[in-house]
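Please work from the sequences and hints to get the whole structure.
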Amino acid sequence: MIGLYRDGDSLLHRLPAGAKLAGLLLAGLASPFVRSSVVTAAALALVVAGYAIARMPPRVLLQMLRPLLFVMVPLGVFQTVVAGWERAFVIVGVLVALVLLANLVTLSTRTSDLIDVVVRVCSPLRRVGVNPERVGLMLQLATRAVPLVIDLGRRVREAQHARGLGASPRAFAVPLIVGALRRADAMGDALAARGFDD
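So for the sequence shown, this note's numbering puts the first residue at 1; every next one is plus one.
Source of the hints: derived by calculation from the structure; they are not laboratory data. Check the hints yourself; a few may be wrong.
Per label pair, the in silico range of CB-to-CB distance [unchecked claim]:
(1) Leu46 x Asp185: 23 to 31 Å
(2) Leu148 x Val81: 14 to 22 Å
(3) Gly28 x Pro67: 37 to 45 Å
(4) Ala171 x Gln63: 21 to 29 Å
(5) Phe70 x Pro32: 20 to 28 Å
(6) His161 x Gln63: 42 to 50 Å
(7) Val38 x Arg183: 32 to 40 Å
(8) Arg55 x Val149: 40 to 48 Å
For every residue, glycine included, the Cβ atom is placed at its ideal position computed from N, Cα and C.
What follows is the structure in structure tokens.
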């Protein structure tokens with residue numbers, strides 16, 4: 001879900017990356033104070049409207065929602081049993097709205113622009129020994145690692161099916177972990193060769 005930037009010239013695409021990150025931060029800070037199902041529904045409608053303003057096809061929104069079902073449906077059922085349907089709607093709705101909003105930011109903003117904002121925000125921390133460029137590098141590596149691990153998982157799954165192993169969790173997890181560790185070692189060696197080993 002990270003690094004999904006889609007080129008465009010909508011209003012959201014033209015907004016500065018700093019403004020979008022600030023809006024996402026404010027939404028996250030305000031989310032624990034949402035108690036009403038009406039406010040939750042309004043937040044969801046606003047986020048969906050944001051996708052329309054950014055001219056994202058409906059299938060993009062559906063692709064964002066599909067992975068959430070595996071977490072949100074059980075959470076919604078549990079909260080309904082424990083706290084009632086209205087509280088369940090608020091909790092699940094707020095989480096879905098935040099995830100969709102974060103994805104909308106990545107869809108309408110280049111990763112490099114987001115990282116530049118974080119580096120600028122971290123600049124005052126240089127006085128206490130924090131290197132903002134290192135923070136930016138760490139975020140860039142983390143952002144790059146997500147699609148790499150997803151691709152590795154896809155290839156492991158294809159190999160698993162080709163060998164007739166079905167849905168064995170061990171046959172999937174072991175090669176995925178080993179492959180991810182090998183890639184991490186290779187990335188560490190590359191960074192060390194460029195002087196980033198301290």
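*Enumerated hints in conflict with the structure, sorted upward*: 1, 2, 3, 6, 7, 8
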